[in-house]
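Engineer: The primary structure of each chain is shown beneath.
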Amino acid sequence: MSGITAERAIPGAPPREPSYLTAKTGLASWLLTTDHKRIALLYMAAITVFFFVGGAGAVAIRIELFTPQADLLSADAYNRAFTFHGVIMVWFFLIPSIPNILGNFLLPLMIGAKDLAFPRLNLASWYIFMAAGGLAVYTLLSGGVDTGWTFYTPLTTAFSNGNVLAAAAAVFVSGFSTIATAVNFIATVHLQRAPGLTWFRLPLFVWAIYATSIVMVLATPVLAMVLALIFAERAFGIPIFDPLRGGDPILFQHLFWFYSHPAVYIMVLPSFGVISELVTCYARRRVFGYNFMVYAILWISLVGFLVWGHHMFVSGQSLFASLAFSLLSFIVAVPSAIKVFNWTATLYRGQIVFDAPMIYALGFIGLFTIGGLTGLFLASVPVDIHVTDTYFVVAHFHYIMVGGAVSALYGGLAFWWPKITGRLYPEGWARFAAIMMFFGFGFTFFPMFIMGYLGMPRRYHVYPEEFQVWHVLASAGAVILAFAYLLPMGFFAWSLIWGRRAPANPWGATGLEWQTSSPPPEENFHTPPVVEQGPYNYHPEHAGPPALEREQHQPQGRQP
Amino acid sequence: MSDIAARNAALRQPWRSLRRQREGAAFGIWIFLGSEVMFFGCALLTFAVYRSLWPDAFAAAARETNITYGTVNTALLLTSSLTMAAAAEGAAAGLRRLTLCCLAATVAFGIGFLVVKGFEYQEDITKHLVPGAGFRLEAPQAQIFFAFYWLLTGVHAVHLSTGIGIATVLGIQAWRGSRMLASPAFEALGLYWHFVDLVWVFLYPLLYLGGRS
Amino acid sequence: MSPLTLWPATASEQAARIDMLFTGLLVISGAILLLVAGLLLVLCARYRRGSAAPRGDLPDFIRRDVEIGWTAATLFLALFLFWWAGATQLRASDPPAGALEVHVVAKQWMWKTRYPNGAREINALHAPRGEAMRLMMTSQDVIHSFFVPAFRLKQDVLPGRFTEMWFRATKPGEYRLFCAEFCGTDHARMGGTVTVMEPEDFARWVAAQPQEEDLPGEGAALFTALGCSGCHAAASAVHAPVLAGVYGRMVHLADGRTVRADEAYLRDSILQPKRDVVVGYEPIMPSFDGLVDEADLQRLVAYLQSLRGEAAR
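Chains as they are written, first to last, in full-length UniProt numbering: chain A, 1 to 560; chain B, 1 to 213; chain C, 1 to 313.
Rather than coming from a laboratory, the hints here were simulated on the basis of the structure. For every residue, glycine included, the Cβ atom is placed at its ideal position computed from N, Cα and C. It cannot be assumed that every hint is accurate.
Claimed, not checked - Label-pair distances were calculated between CB atoms; the ranges are: (1) C:Ala203 to A:Leu141: 56 to 62 Å; (2) A:Leu141 to C:Asp94: 34 to 40 Å; (3) B:Gly132 to C:Thr5: 50 to 56 Å; (4) A:Ala324 to C:Leu226: 22 to 28 Å; (5) A:Pro540 to C:Arg64: 38 to 44 Å; (6) A:Ala476 to C:Arg64: 33 to 39 Å.
As the list claims (entries may be wrong) - Quick look at which bits of chain C chain A covers, simulated, 3 or more residues with Cβ under 8 Å: (7) 152-158; (8) 175-187; (9) 197-207.
Model the full structure from these sequences, guided by the hints.
Structural biologist: What follows is the structure, given as structure tokens:
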């Protein structure tokens, strides 16, 4: 009580109405909520747990690889560890993280809506996700699965000793959750935008989530069917990919990568959106080339469907198919490059503040650039033939999916933490953690490029001695990285109790979500917002940003 | 109950108007159906690849399916689509009797389809058309055909059962008056039902008519 | 730890070409990375909050031109790289006529090679320097991948069909062979050696190879095929003795006897496993009487004998 009184005593602070956090109490008010903000928090809790579970797999892998021999894990245990790490991190951390935490929380706020289009579907989606997660954990407890997250046949269907059925079922069920969320997001963006919020006034985060949702809706069902085929083949012995009865294991790879390459964009497109919000806010600058940024997102999500064959250059597909996929892979690099250039150009003539979210964003740009440039190596057929299935590929996709997407997640969490919780995180610690994540990540994964080109194959728990020095470097870097991941969890939790209370718009950011109180009320806005100008209106269109005023508040919409 | 009150009762958060909400439900279902197209499309593409790889084995296998059952089922399902369309239109126009009758007919046709399918499955099992040891046909690739036969018809039956379940629930709710006819759910169900019907329109020629020309 | 190496050995014609392409890509992407990082650093320093640098906006047409400019530049760079990479690959696509053909059979978890004259090897390949060698590969179980880093070559090996690759080795020496496609429990141990020899040495070597059957190798295959490895592998979940080095050793039996594990003991243990159970193990092994014939027994025993050397290592 005294805290609230003290709060009211602050001169100028508006009287605190019940926020979405305090409007209702009790466990049932959380577990049966249809409020997108509370569901976002439910996702945050679940996804954090999965991050730890998947992280445990990574820890086991890095400890085992410290020496060339098998010390900690047997061959089977190692195979189960990396499979579990992959399955959990891909389907239960990376794919849902930004869309389901930040997207769920912010999408209605950013477009001035009361909620997502289908609030009960949103809650159902969380329960489906939890059921899928339960199955995934059951997979681990019942002995795990040893096929790699790619489930290649015929290893998966006929030879694996692991609990493939449970793992396939877990991923299959999680797909329902993904599709339900994506349908919800698409319908929301189409039908729930505030008056005046035209398509080309949408913040780039909304565009990114929208494009991601389209990819989810179109790609996830293909994975679902492939898993159903695998499941049926293993459970009932019906031949679908069985080479002894005329089946083609390569066909499985085509179908799997038709999903899994777009899935990479499901993981990274939302981070593009987050980074665009962060860079503009902390540079106090309109985003450079807004239209190009939008088209780049759409272009990536479209062409992303046409490049799956670059995972299969050594699979035995025809050379000309490989060349076609190679060409398309080079072309899909262009919009990603545009995005990097535009973020960089957004800094030009800005008023740059180096708060923690900005450091995460700059780290993202650096890591994503390295990840994207190494993608050029992998798009080149002859180089790919040498480095595919080696640590070069491992490093490449971790740069995109972990260096990129996780940096964006942490940066976004810090940026919107005051909005979500009404508390400010400790800035000094957050900057330290952001810097530590960048360098920890580099130490962990850069050596993998080198050992990959030297020929170190992936999924090896014992390896020739000449690679040890690189593995030791990576394992040591992983320790730093682990601290960089854990530290924010600590100070975020700390801030819930001891953090300073946040004003409605602590960063002076544009965007409708900053126009409501922190944390927002249950119905999001006290008065429905009306939008009259484009996004990122940090300065008049044909002039530079105002000098110095960090606190200056430039609303994107007005309240009638 | 007055019309306006009925409409207000059907309106849900976060929609501002029932018209908008109806648009939203239809829009959401259309996107979901896009997803379903990819789901079945993946299996049909796989089927097509194998069919072009092993045309003879697939034709021989397709001749083993029971075309009578398949044709009867096609007729049942197409008729059910007609009654479903009438039910959805009836609900939109507020015609309670028509809606209830047509929903009941739709459910009956759907269940009829499943019953026929059950007899067909039983016959397939006795004829040793289940892939694996003791399979009826010589060519191993014929087993792939029947792998898809079981899988596709099975997944289709699951979809149809879902549709029957939802239609039953909506029918009971409308009968009891706990769901307004103005609810967008009827149109949404109609779209879903037509999609399931459409899938069968693809399965019928692929599984039953192949090899019989 | 062995001395630090930054570049893999280069031992085939294609390796040299790929190294050139790789170096080119390194230079180009290094330049782009430096450009981006440099711009980021310079802009961050110059336009930090409150710095004296002048602010203001550029006219619209400059924005659009810059945007179109770097989009086009990136696109042309991408097309150029595609052309370079594609040309490099096309040059190496077809094997020359008259290449020496070697058959490779992969199975969990070994490589078997067979030369035109019938000579066979396990987990090893010998190749003459300067002559084209073509590998016809297939798998007996799951997908494997034949990977020789020094040749910069890799090709998946599939069950139910043949895949091929070819190379012309350029430097004598011993190089590593890996399985690069995850293939189950002992994927990481499914490796071997590729030995490049001078042509005359190679000719001598091939001629000297015994052309009869390779008993230990076939025994090893049986050991997997019959499921022995499922329990007797070091990593198995089933509590069964590991058999590496068991041949010739004294073993203690559950009933207190101690016997030497010779050929007869190994044979009996396969056919009547319940008779001489080693102390500390449950009598859970099924009999293989009737499942294996005499020739298979010979192969299995030969394989177990061959494991002696491995354990001593």
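Engineer: Using the Cβ atoms, figure out if Ala476 (chain A) sits within 33 to 39 Å of Arg64 (chain C).
Structural biologist: 47 Å, violated
Engineer: Could you check the hint for me, namely that Pro540 (chain A) and Arg64 (chain C) are 38 to 44 Å apart, CB to CB?
Structural biologist: 19 Å, violated
Engineer: So is the region 175-187 of chain C in contact with chain A by the C-beta rule, three or more residues under 8 Å, or is the coverage claim wrong?
Structural biologist: holds (count 11)
Engineer: Holds or violated: the 56 to 62 Å window for the beta-carbon distance between Ala203 (chain C) and Leu141 (chain A)?
Structural biologist: 58 Å, holds
Engineer: Three or more residues of the region 197-207 of chain C near chain A by CB distance under 8 Å?
Structural biologist: Our answer is that it is violated, as 0 residues pass the Cβ test (under 8 Å) against chain A, missing three.
Engineer: Given the hint of 34 to 40 Å, is the C-beta distance from Leu141 (chain A) to Asp94 (chain C) inside that range or not?
Structural biologist: Violated - the Cβ-Cβ distance for Leu141 (chain A) and Asp94 (chain C), about 52 Å, lies outside 34 to 40 Å.
Engineer: Taking 22 to 28 Å as the hint, is the beta-carbon distance of Ala324 (chain A) and Leu226 (chain C) inside that range?
Structural biologist: Violated, since Ala324 (chain A) and Leu226 (chain C) (Cβ atoms, about 45 Å apart) do not stay within the stated range.
Engineer: Are at least 3 residues of the region 152-158 of chain C within less than 8 Å of chain A when you compare beta carbons?
Structural biologist: Contact hint for the region 152-158 of chain C vs chain A: holds, 6 residues under 8 Å.
Engineer: Range hint 50 to 56 Å: satisfied by the CB atoms of Gly132 (chain B) and Thr5 (chain C)?
Structural biologist: 52 Å, holds
Consistency with the previously given hints fails for numbers 2, 4, 5, 6, 9, ordered from lowest to highest.
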